[in-house]
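S.K.: The whole structure should be built from the sequences, with the hints applied where relevant.
For the protein sequence lines, the chains are A and B, in the order given. If you count the first sequence from 1, position 266 lands on 265 in numbering that gives the first Met the number 0, and the numbers rise without skipping. If you count the second sequence from 1, position 7 lands on 6 in numbering that gives the first Met the number 0, and the numbers rise without skipping.
These are computed hints drawn from the structure, not numbers from a lab. Hints are not guaranteed to be accurate.
Said to hold, decoys possible - Stretch-level coverage of chain A by chain B, calculated; a stretch enters the list once three of its residues show a Cβ under 8 Å from a Cβ in chain B: (1) 37-47; (2) 218-230; (3) 240-252; (4) 299-307; (5) 311-318.
What you are looking at is a predicted structure, and each value in this text was computed from that prediction instead of being measured. We treat Cβ as the ideally placed atom computed from N, Cα and C, and that holds for glycine.
Chain residues, written in single-letter form:
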Amino acid sequence: MMDATERDLLQQTVRDAFVSADTTTSLDSVLVDLGWLEMLGTARRDAVDIVFRSLGAVNGTSSVLDDVVVSALGIEPRADLAVLLPSFATWHAPGTTDGTDVSAMGVATARVATAADLLIACGTGAELSAVTVPRSAVEQRVIEGVDPDGGFRVVRVDRAAIGSSLGRCEWDAAITWGRIAAAHQIEGACRSMLELARTHALERVQFGRVIAGFQAVRHRLAEALVAVEALDATLTAAMDEVGPLTAALAKATAGRTGQIVGAHAQQVLAGIGFTTDHPFHRFLKRSLVLEGLFGSADEIATEIGHQLLATRCVPTLIEL
Amino acid sequence: MEMAEFRTELHRWLDAHADELEPAFSPPGTLDEQIAQMQRVKAILFEADWIRYGWPERVGGLGGSPMLRTELGAALAARDLADPGLFSLIEVLAPTLIDFAPAELAAEVVPRLLSGAEIWCQGFSEPGTGSDLASLTCRAEPEGDATWVINGQKVWTSLAQYSDRCVLLTRTGPVDARHRGITAFFVDMDTPGVSVAPLEMINGQHEFAEVFFDNVAVPADRMLGDLHGGWAVAMSILPYERSSCFWQRIAYLYRRLEKLVEVAPDDDRAAEVIGNAFVQLHALRARSRVTQHRLADGQALGAETSIDKVLVATAEHATYDAARRLLPGVVEMDDSATGAAWRSEYLYSRAATIYGGTAEVQRNIIARRLLDLGSDE
Numbered sequence: 000m001m002d003a004t005e006r007d008l009l010q011q012t013v014r015d016a017f018v019s020a021d022t023t024t025s026l027d028s029v030l031v032d033l034g035w036l037e038m039l040g041t042a043r044r045d046a047v048d049i050v051f052r053s054l055g056a057v058n059g060t061s062s063v064l065d066d067v068v069v070s071a072l073g074i075e076p077r078a079d080l081a082v083l084l085p086s087f088a089t090w091h092a093p094g095t096t097d098g099t100d101v102s103a104m105g106v107a108t109a110r111v112a113t114a115a116d117l118l119i120a121c122g123t124g125a126e127l128s129a130v131t132v133p134r135s136a137v138e139q140r141v142i143e144g145v146d147p148d149g150g151f152r153v154v155r156v157d158r159a160a161i162g163s164s165l166g167r168c169e170w171d172a173a174i175t176w177g178r179i180a181a182a183h184q185i186e187g188a189c190r191s192m193l194e195l196a197r198t199h200a201l202e203r204v205q206f207g208r209v210i211a212g213f214q215a216v217r218h219r220l221a222e223a224l225v226a227v228e229a230l231d232a233t234l235t236a237a238m239d240e241v242g243p244l245t246a247a248l249a250k251a252t253a254g255r256t257g258q259i260v261g262a263h264a265q266q267v268l269a270g271i272g273f274t275t276d277h278p279f280h281r282f283l284k285r286s287l288v289l290e291g292l293f294g295s296a297d298e299i300a301t302e303i304g305h306q307l308l309a310t311r312c313v314p315t316l317i318e319l
Numbered sequence: 000m001e002m003a004e005f006r007t008e009l010h011r012w013l014d015a016h017a018d019e020l021e022p023a024f025s026p027p028g029t030l031d032e033q034i035a036q037m038q039r040v041k042a043i044l045f046e047a048d049w050i051r052y053g054w055p056e057r058v059g060g061l062g063g064s065p066m067l068r069t070e071l072g073a074a075l076a077a078r079d080l081a082d083p084g085l086f087s088l089i090e091v092l093a094p095t096l097i098d099f100a101p102a103e104l105a106a107e108v109v110p111r112l113l114s115g116a117e118i119w120c121q122g123f124s125e126p127g128t129g130s131d132l133a134s135l136t137c138r139a140e141p142e143g144d145a146t147w148v149i150n151g152q153k154v155w156t157s158l159a160q161y162s163d164r165c166v167l168l169t170r171t172g173p174v175d176a177r178h179r180g181i182t183a184f185f186v187d188m189d190t191p192g193v194s195v196a197p198l199e200m201i202n203g204q205h206e207f208a209e210v211f212f213d214n215v216a217v218p219a220d221r222m223l224g225d226l227h228g229g230w231a232v233a234m235s236i237l238p239y240e241r242s243s244c245f246w247q248r249i250a251y252l253y254r255r256l257e258k259l260v261e262v263a264p265d266d267d268r269a270a271e272v273i274g275n276a277f278v279q280l281h282a283l284r285a286r287s288r289v290t291q292h293r294l295a296d297g298q299a300l301g302a303e304t305s306i307d308k309v310l311v312a313t314a315e316h317a318t319y320d321a322a323r324r325l326l327p328g329v330v331e332m333d334d335s336a337t338g339a340a341w342r343s344e345y346l347y348s349r350a351a352t353i354y355g356g357t358a359e360v361q362r363n364i365i366a367r368r369l370l371d372l373g374s375d376e
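M.R.: Shown next, in the form of structure tokens:
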């Protein structure tokens, strides 16, 4: 773990690097230059926290989610290795294999367009294993969708020969870290949406006064901050007690927070928030996509509800 | 004692003494039964020292982090041994005495509160003073050097009819001096001129009351804090009310959701309702934990606890809304003891966005102090 000073320094470094990166340089290469892959090995919590929060805050597009998922699977991440993520709004392992061939369906970050290999988790439970296939065996299509800048692709692998078998792996760990990363990114996006709305409220004059003076506007922004701070606390809890359930709770909270902050910020921004002249729309669109990644708020909540009903108990998970 | 050790030992002890501690009635019980249960439990816990942890030695405590006593309150709430709303009154009343009363007075009376020998109440709100506490008018006038005479009325005073003492806010300066003209007193409720009229709450219980003060003479050495310094006394309660009291409430709400999980059907609709309530409770617990640690680390708690207050109210509503949705007719029509308990608690839960500063007041504070949106006037 890093101490507070190291964290602050890294946070500032990452944020500065993101802001100053010119449009032709990928944020992935910026992060690799900053030692991202090493940090992921030695200080995964701090690295994920800072990098994904910053990505969310600047609405950056990156493929470093692949590295998080790969390393959570216990496999050495590398810049030319992409990973197949579950299809939108699901979280089961995307592949099946008979030991020779592999078939799979899912989404992937933009890295799949240039990577040498694609890693695919196949099967369920104790039978789960990881294999790779060469990029040439991958059918891929860019998803335009609501957020074309997100770089996501829909990927299909149809009975391709396994390139290499990487052995058994824990899919739970991949989902746990994927959710933690996405939830941090949503928090960053939410803080930016709130700040855009706050700035607008302090500048926009109607009926002879800034709209920040109207209680209806103030209460919407206050509700948005309550949601963001609650998300922040669930992320702290998830990092203190990393596990499938704390991560699921954080991701469900993140999804809900994206909805709440998006709605309140958009209403406060009103007309200008409805245009592509203002940057708000990018954050809103990205947060819609991020909510679906590894399961939406409602889907995860329902899954958790089933777990509680199966055990007939409500765990406290975190203690003083 | 360290927290982890305290928790382990406490739960071991509570398990071993479960029969002795268990209420003699089936929930919800009458308020009389609930109060008697709470005082009995406090006496047992005082005898066994558990309720003395986390309080300073000069008032009969055993020292240690205040989080120890928070943990105790949460354990009692989680086991349904004492209502957290009633039990956690200790958290808002004892620190006031410890911080603002003469040392001998605090040493004399705080152990009585902890041991269940006495009940105290908090005389803050008035008919014309709800969210706007600084407008209070219940008046205290000096009579000679050694006495103050109090005239006026309080309302929404929890447990006033059971109480031996009252931490009372009075107006000692002009009303338009607002928070600068307020003084706190520690008043014996058996003083001539004090009368109490219980109010029936929406769930049929008489938890709070009107309290009338008619020429009530109070010795000057019962002043808490400085003359005109009552606002500091009132504000000093906030960090405890927003940390330890909430942690106890949260433990209680977890137990409520668990009771619902024990009987709800195992289908998709129930799973979604319960899952969503649990997501909210967990976020609240995560936030409250951060707040407890900030307080224990010596940080001053302020406006940011309005976020905790909004979250606790929202999660309490969500928990009981979930119960009402998944237990059709129970709140409205079920006359069994179980139905009566859900009904009473459901109705009481609606107050969560009202007491301790309404949800709207909290949002005003968040907007002005945390979002820096400037004045709303």
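S.K.: Against each hint, give a clear statement of whether it holds in the structure.
M.R.: Now the hints, each set against the structure:
Beta-carbon proximity to chain B at under 8 Å applies to 0 residues in the segment 37-47 of chain A; the threshold of 3 is not reached and the given coverage is violated. Given as covered by chain B, the segment 218-230 of chain A passes the check, having 9 residues with a CB less than 8 Å from a CB of that chain where 3 are the minimum. Against chain B, the segment 240-252 of chain A contributes 3 residues with a C-beta closer than 8 Å to a partner C-beta. That satisfies the three-residue criterion, and the hint holds. Counting residues of the segment 299-307 of chain A whose C-beta sits closer than 8 Å to any C-beta of chain B gives 8, which meets the bar of three, so the coverage hint holds.
As drawn, the segment 311-318 of chain A meets chain B at 7 residues by the rule of a beta-carbon pair under 8 Å; at three or more, the given contact holds.
In terms of the numbered hints stated before, the structure departs from hint 1 and from no other.
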